[in-house]
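Trainee: Okay, here's what each chain looks like letter by letter:
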Amino acid sequence: MASASSSKVPAASPNTPPDSCDVLVYGTGLVESIVAAALAWQGTNVLHLDPNPFYGGLWASLNLEELKAWTDKINSPATNDTPFSNAYLYISRNLDPRKYAIDISPHVLFTRADLLNLLIQSRVSRYLEFKPLGSFHTFEQDSFEKVPGTKEDIFTSQNLTLLTKRSLMRFMKFVVIWDETPDVWLEYKGKPISLFLKEKFNLDEPQIVELVHSIALLSSPSSPTELALDRIKRYLSSMQVYGNFPAMYSMYGSGGEIAQGFCRSAAVAGAVYRLGTKLSSFDDESGVAVLDNGEKIKVTEKLITSYGLLPSSREITRMVAVVEKDCKEWFAEGESAAIVVFPPETLDGNKYAVQALVLGSGSGQVPLGQAVWYLSTQESGEQGRKDLFLALEKMEESILRESTEDFEFDVSEEDIAYLPNGMPVVSSVRLGESLRNFTPKESLKYLLKLTYTQKVTVPPPQPGSKTIYVPAPSIDIVYDGVVTRAQAIYEGVTGTTEDFFEVDFEDEDDDATATGNPPDTSIGDVADIDDEELGDHPDFDEEVAGEMTI
Amino acid sequence: MSSVEAAASAPKPTASVKLVLLGEAAVGKSSLVLRFVSNDFQENKEPTIGAAFLTQKCSLPNRTIKFEIWDTAGQERFASLAPMYYRNAQTALVVYDLTKPTSLIKARHWVNELHAQASPKIVIALVGNKLDLCTEGEGEGETSTADDDEDRRKVSTEEGRKFAEEEGLLFFETSAKTGANVRDVFLAIASKIPEEIINKRSGTGTKGRAGAGERGVDLEPRTSESNAQGCAC
Ligand SMILES: Cc1cc2nc3c(=O)[nH]c(=O)nc-3n(C[C@H](O)[C@H](O)[C@H](O)COP(=O)(O)OP(=O)(O)OC[C@H]3O[C@@H](n4cnc5c(N)ncnc54)[C@H](O)[C@@H]3O)c2cc1C
Ligand SMILES: Nc1nc2c(ncn2[C@@H]2O[C@H](COP(=O)(O)OP(=O)(O)O)[C@@H](O)[C@H]2O)c(=O)[nH]1
Ligand SMILES: [Mg+2]
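Residue numbers (this note's numbering), protein chains in the order written: chain A, -15 to 534; chain B, -15 to 217.
By construction, these hints were calculated from the structure, which means they are not laboratory data. Please note that a few of the clues may not be correct.
As the list claims (entries may be wrong) - Away from chain B, derived, C-beta distances all over 10 Å, residues of chain A:
#1 ASP98
#2 SER109
#3 ASP137
#4 GLU164
#5 GLY278
#6 LEU331
#7 TYR453
#8 GLU486
Said to hold, decoys possible - Pairwise CB distance ranges, derived in the manner of DEER restraints:
#9 B:ILE89 to A:GLU377: 45 to 55 Å
#10 B:GLN101 to A:LEU352: 10 to 20 Å
#11 A:GLN142 to B:GLN101: 21 to 31 Å
#12 A:ASP332 to B:GLN101: 36 to 46 Å
#13 A:ASP214 to B:GLY152: 29 to 39 Å
#14 B:PRO205 to A:GLU136: 37 to 47 Å
These figures come from a predicted structure and were not determined experimentally. Glycine included, every Cβ here is placed at the ideal spot set by N, Cα and C.
Start from the sequences, fold in the hints, and give me the full structure.
Mentor: Here is the structure:
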C-alpha cells in the first residue's frame, strides 16, 4: 500500500518549475488525470501539463469565451493535434460568457459504474456534486415515450399487451443473472442483440428498440448480444442505488469537471501542475521534453499524451444547442436532466441512433430558464449533421407543444393506468397524437448552436517506446472504458495494476465509510417480481446478489 | 419565534462552510491552516494536506460553523488553480507575505477574481502573514522571533488595511509561526457569515450549495458525523 505521507515536498523553491520528472503527463483529460493521480499517490514524481489555459483536455467544459477560442483553434488548418474539426458556432448576443459551461464530450454516470467506485475510493467524489438522471425517453412514431425501466412502469404501461408484459418480465428476470446463465445466450455471442431478444424472448420491435437504444444506450441494433445484456443489466441494477434513477451527472460539466477533481487529488499527492504550457518536442530516446518557452525537462520513465494526431478509424458528429426554455416537461420531478433517444430509422432513414442529453439550469451549465441539448451520432459527414438537425427539429416541436399553455391536452381513458396498489396515474409523457398535427404558436429561441465532428482515435501499439498515447473520448455517453484505459496506462508505467489507487488516507478528516463502493442494494428488486399474474418461470432463481466491485 | 427562546430550547444551528485559501505560493497559506487546525508549525516544509479538505469547527455563542478548508495543494504555483477549487466558496482567506510586496499585488488579483467568479455574499479576509519577521506594529507582548532583530517588513499595515477597507474585506496581520492572530481570523470570518447561509445549509455537507435548485446526490451516506474537533475559539 502506498502511503500518503511520502509526498511531503520541500518548499525551497516553490516557483521554479521542475527540470525533471518520472512521468510527464500531457493533457488534463479524464483518463490522463486519473492516471496522474494514481501515479502520484503511488509515489511517482508526476509533472502534468496542458497546452490549454483550462483543465479537461478533450473532455473540457468551456465558458463561451473559451468555446469561441476552441472552435477557432480546431478549425484552423494549423491545428493538427486534436481529433475535433469542422466546427460551426452560433452564439446569440448579450450572453454572459461565464454563466455557461459547455461540455465538448458530454457523459453521464450510471450508479453502478467502475468510475463511481473509483471516485468514492479516491475521495475525489467529495470535490464534486452529482445530480440524478431518471428520465429516459424513446422517440417512436413521432412522440416521446418514457422508457419503462421498472416493473411498475411495465405494470402500468397501457400500451403493452399482457403477452408482451409477460415476455418483458421474463426477460428482465433473466438479464439480471445473464452472466451466470450462459446456456440461454451463448449461441448468440457476437450476434445482434435484436435477434436474440426476438428469438429467445419473443419481444416485439418497440420493446427491442427501447431495450437496445434507450436502456443499453447503444447506437445500432446489431450490437453484440453480450455487450447489450451487460448494459441492460447495468441500467436495471443502477436503479434504486441512490434513489429512483439509474444515472447521474456531475454539475458544471462532465468529464472535464471530474478530471479537475483527479488533478486536485494528484496535486495533493505532490504532482506539479502547469496549464497553458505547450510541449514542442519529445525525444523518445533520451526522454528530453522541450517546452515552447525553451525549457528542457528530463523525463526518466514515460510521456503520457492525449495530444497529437492518432490513427483514426471513423468520425462521429456532435451538436450542442442552448435554448431559452427550461425543458422541465422532460424531466422527472425534482430533476434537471433527461435523455432522449432517436432509434435508427426514426429520422428519415438514420442508420444509427441519435442520443440527446438535455440538461436544465439545475446542472449549473446554463442560467435559469434555459437548457442545453447535447446531441450525438456515430454517423459522419453530411449525413451525420442531417440526422442531428432532424432530431433537433423533433425536439423543438415536442418541447413547444408540451410547454404551450393553451394547448388542450385531453386525457382519454386509455391514458390512465393503474399502479399495483390500485392508484390511477396519467401516463405523463405519452402524448398520443402525432406531432405533425400540432403547429406551434411560438417559436423556440436558440441562444447557441454548435456542430462539430470528432475522430475516434486508436492509439498504435508502441512497444519499447517511452511514449504512451491516450485515445480521445469515445462517442459513448457513459464513461465505460475510462477506468480500464487508465489502469492499462498505469500498468504500462508501473508494470502492475495491483496498487492502482490503493491509498491509505492517514489523516481521516471525518469518519466516512470509505469503502470505495456505493451503498449496498440488491437488484433482487427487479428479479423479485411477483409472478402470480404473469405465470411461473421456475427456471429463474429469485435470489440475485447486487454486489459489483471494480 | 424570538431568538432568545430559540437559543434556549433548540440546539445551536450548525453550518458547513467552504473556505478556500488564495495567494501567491510560499506566503504561508498551508502553514496558517496547520496552525488553525493542529496548532502546529513546520519550518521549511510545505505542510501536506492529504485529505480532500480539512474540517474544523468553530463554536460561537449563537452558532457553530464547520469550516471545510480547501488548501491549494500547490496548484497556484504555475497559475493552474482549477475553477472547481474556488467555485461555491462561501469564505476565502486571501493571504500575502508582509515581507514580499509582490505578494500583495497577487492578493489584489485574487480579490478581483473572487468578486468576478464567486458568490456576491462571500466573506473574504485579507491576511498579511509572517508578522514574526517584522519588529514593530505587532501589538503582541512578544517581540520579534527574527534571528537578527532585523525588520523585514516591506508592506505597511496601513497599505493592507486601506486595500481591505476599499474592498470591504476583513483584515488581519498574522504569524503562522507564532500563532499570532491566527484564530482571530477564523473567528472573525465565522461571525461574519450571513444568517441566510447558516439557515440554508444547516447540517448538510458540501452538497446542495447555492445556485443549483434541487439537491445533489449523497454518494457516501455517512455512518456518523463525529470527530471534527471543536476549535478553542
Ligand atoms: C506531445 C506530443 C508528443 C508527440 N510524440 C510523438 C512521438 O513520440 N512520435 C511521433 O511520431 N509523433 C509524435 N507526435 C506527433 C508529432 O507532432 C507529429 O505529428 C508527427 O511526428 C508526424 O509529423 P508529420 O507532419 O511529419 O506527419 P503527419 O503527416 O502528421 O503524420 C504521418 C503519419 O504518422 C501518424 N501520426 C502522426 N502523429 C502521430 C502520433 N502522435 N502518434 C501516432 N501516429 C501519428 C499519422 O497518422 C500518419 O500516418 C507528438 C505530438 C505531440 C503533441
Ligand atoms: N517566519 C515565518 N515563516 C512562515 C510563516 N508562515 C509560513 N512560513 C514559512 O513560509 C514557507 C511557505 O509556507 P507555506 O505554508 O508552504 O506557504 P503556501 O505555499 O502559501 O502554502 C515555509 O517555509 C513556512 O515555514 C510565518 O508566519 N512566519
Ligand atoms: Mg501550500
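Trainee: Run through the hints listed earlier and report the numbers of any the structure violates, in increasing order.
Mentor: 2, 11, 13, 14
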